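Q: Protein chains in written order, with numbering that gives the first Met the number 0: chain Z, 0 to 258; chain P, 0 to 232.
Just so you know, the hints here were simulated from the structure itself, not pulled from any lab data.
Owing to the predicted nature of the structure, the values given are computational and were not obtained by experimental measurement.
Positions of the beta carbon are idealized from the N, C-alpha and C atoms, including for glycine.
Please note that the accuracy of each hint is not assured.
Covered stretches of chain Z (in silico footprint by chain P; criterion: 3 or more residues with CB under 8 angstroms from a CB of chain P, positions within the stretch not fixed) [what the hints assert, rightly or not]:
| id | stretch |
| --- | --- |
| 1 | 26-35 |
| 2 | 49-59 |
| 3 | 187-196 |
| 4 | 228-242 |
Simulated DEER-style distance windows between Cβ atoms [to be verified]:
| id | chain 1 | residue 1 | chain 2 | residue 2 | range |
| --- | --- | --- | --- | --- | --- |
| 5 | Z | R238 | P | A204 | 33 to 41 angstroms |
| 6 | Z | Q196 | P | T62 | 45 to 53 angstroms |
| 7 | Z | G152 | P | A50 | 20 to 28 angstroms |
With a cut-off of at most 30 angstroms between alpha-carbon atoms, the simulated DSBU-like pairs for lysine-lysine come out as follows [stated by the list, open to error]:
| id | chain 1 | residue 1 | chain 2 | residue 2 |
| --- | --- | --- | --- | --- |
| 8 | P | K82 | Z | K191 |
| 9 | P | K82 | Z | K118 |
| 10 | P | K91 | Z | K153 |
| 11 | Z | K26 | Z | K118 |
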Amino acid sequence: MKKLLIVVAVMAIVLGAATVQAKDWKKIRVGVEGAYPPFSYVTPEGELAGFDIDIAKALVAAMGKDIVLVPQDWDGIIPALLARKYDAIIASMSITEERKKKVAFSNKYYNTPAKFVCKKGAMGEFSRDNIKGKKIGVQRATIHDRYLTDNYGKDVDIKRYATQDEAYLDLVAGRVDMLLADSVAISDGFLKKPEGQDYQFIGPDLNDPKWFGEGTGIAIRKEDQDLVEMFNQAIEQIRADGTYKQIQDKYFDFNVYGE
Amino acid sequence: MDLSIIFDNIGIYLEGLKTTAWLVSLSLLLGLLLAVPLAVLRTAQAYAIQAPIRAYVYFFRGTPLLVQMFIVYYGFGQFDVIKTSFVWPLFKEAWFCALFTFTLNTGAYTTEILRGAIEATPHGEIEAAKAAGMSRLLMLRRIVLPSAFRRALPQYSNEIIFMLHGSSLASVITLVDITGAARIINSRFYSPYEAFLTAAVFYMALTFMIVFLVKRLEGRWFAHLRPQETSRG
């Protein structure tokens with residue numbers, strides 16, 4: 000009985016502390032990925048960098064809070080948010096119905112289409128018949144994974160990777176024939192680099208909201224509605240005061256926000 | 000807890016079970032075939048024979064399986080020498096890289112297990128075999144190895160189980176084994192608890208099967224050690 004009381008007391012303190020923390024956000028812990036250039040990567044010096052990282056810093060700064068960046072592998076990134084390892088995910092996560100069942104989203108902070116990539120001249124026109132039986136690499140647990148599984152799951156051999164970087168490695172090694180990923184991630188993270196010079200986009204821009212959602216948002220635990228509001232305001236603020244454009248111009252020569 | 004996710008997608012797990020089963024059993028078989036001659040040679044007097052085997056065992060026991068797999072899977076793909084050679088069609092395949100790494104890994108551990116067992120052969124048995132005029136090969140086949148296998152069995156059963164559990168790393172290089180199946184389910188439904196608990200159940204069932212089979216085998220191989228019924232006259 001005594002033990003039980005102690006357990007209950009400890010739990011009350013822990014839970015109490017958690018709710019207190021949820022109420023006044025002194026610092027905001029942001030989960031990021033670190034293997035998705037140019038949005039999120041690790042520099043040779045070991046520092047996190049990229050569009051997502053800069054946006055995260057700018058948003059939290061706009062709120063007047065301190066930021067703690069927490070790197071986390073992609074396929075555990077939502078479970079770790081729910082397990083309170085951090086308070087928000089800023090990792091190029093598309094806003095989808097499926098994910099909305101588990102987490103809340105801010106408004107979008109960018110929106111770019113998905114595309115296939117393959118070796119130059121390796122295939123003719125893009126068509127369902129033409130890609131039948133091909134090995135297609137995709138990052139596990141992404142909208143691209145889901146789109147490929149739902150639309151081509153029976154026709155192609157899907158190889159799932161933990162990170163986008165590993166998928167590029169296997170495309171270059173010839174272990175997969177094509178990749179499906181975000182067009183900007185592919186063009187900046189791969190095609191513009193020396194190892195990507197023999198590769199090209201193929202097929203149409205893919206942006207069906209059923210799979211690709213309404214853009215990329217910040218994922219937040221459902222109970223933290225106040226934080227969702229804070230992020231929405233911060234997004235508006237950095238859009239208005241030019242910080243967003245500054246960060247965008249650092250990485251891209253076009254508008255990543257969409258309309 | 001929503002187990003309907005698992006029941007609706009049990010097919011993915013069964014495919015994964017198939018992959019785990021053939022991958023582990025084939026690497027164990029090939030690893031054992033590799034380990035028997037290596038263990039015998041490892042007990043040889045000549046250092047020139049011993050040294051390369053020592054180096055092989057030392058490397059594979061001295062590094063984590065995951066690192067070995069990354070070296071083989073991503074590392075080998077970096078060299079054009081390998082990419083243009085005749086072995087590339089094999090190393091291009093994820094399943095071959097996993098099989099290759101697992102076989103060499105379990106081979107190294109098994110070599111050590113067998114070496115210990117061979118060196119522990121009672122002198123009397125060897126002397127008796129020599130006295131009976133057996134050639135070295137015959138002695139190896141009839142006396143040393145059978146008795147070494149017996150002594151090695153309990154340790155080797157551990158190695159089988161470790162290999163089964165180690166095989167879960169195959170999912171890192173795109174293979175859909177039991178763990179790979181769990182990762183697919185987890186990523187689709189964001190339910191790590193259900194997904195990985197199911198994987199755990201599959202591994203546990205396999206482990207119990209292995210333990211049961213080894214126990215049966217022990218019962219046969221160690222029949223001579225069992226307390227015997229004797230008639231009291």
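Q: Do at least three Cβ atoms from the stretch 228-242 of chain Z come closer than 8 angstroms to Cβ atoms of chain P?
A: Violated - the stretch 228-242 of chain Z has 0 residues with a Cβ nearer than 8 angstroms to chain P, which falls short of three.
Q: Can you confirm whether chain P covers the stretch 187-196 of chain Z, using C-beta to C-beta distances below 8 angstroms and requiring at least three such residues?
A: With 0 residues close enough to chain P, the hint is violated.
Q: Is the hinted range of 20 to 28 angstroms satisfied by the C-beta distance from Z:G152 to P:A50?
A: violated, 51 angstroms
Q: Given the hinted pair P:K91 and Z:K153, is their alpha-carbon gap at most 30 angstroms?
A: holds, 22 angstroms
Q: Within 30 angstroms, alpha carbon to alpha carbon, are P:K82 and Z:K118?
A: holds, 16 angstroms
Q: Measure nothing beyond the straight line between the CA atoms of Z:K26 and Z:K118; if it is 30 angstroms or shorter, mark the hint as holding.
A: The given pair, whose Cα atoms are some 45 angstroms apart, is violated under the 30 angstroms limit.
Q: Do Z:R238 and P:A204 keep their Cβ atoms within the hinted range of 33 to 41 angstroms?
A: About 55 angstroms separates the Cβ atoms of Z:R238 and P:A204, which means 33 to 41 angstroms is violated.
Q: Taking the CB of Z:Q196 and the CB of P:T62, does the distance hold inside 45 to 53 angstroms?
A: violated, 34 angstroms
Q: Count the residues of the stretch 26-35 of chain Z whose Cβ falls closer than 8 angstroms to any Cβ of chain P, and tell me whether that reaches three.
A: This one is violated; 0 residues, fewer than the three required, reach chain P with a Cβ under 8 angstroms.
Q: Could you grab the alpha-carbon distance between P:K82 and Z:K191 and see if it respects the 30 angstroms cut-off?
A: holds, 23 angstroms
Q: Can you confirm whether chain P covers the stretch 49-59 of chain Z, using C-beta to C-beta distances below 8 angstroms and requiring at least three such residues?
A: Coverage by chain P is violated for the stretch 49-59 of chain Z (0 residues, Cβ < 8 angstroms).
Consistency note: the structure conflicts with the earlier hints numbered 1, 2, 3, 4, 5, 6, 7, 11.
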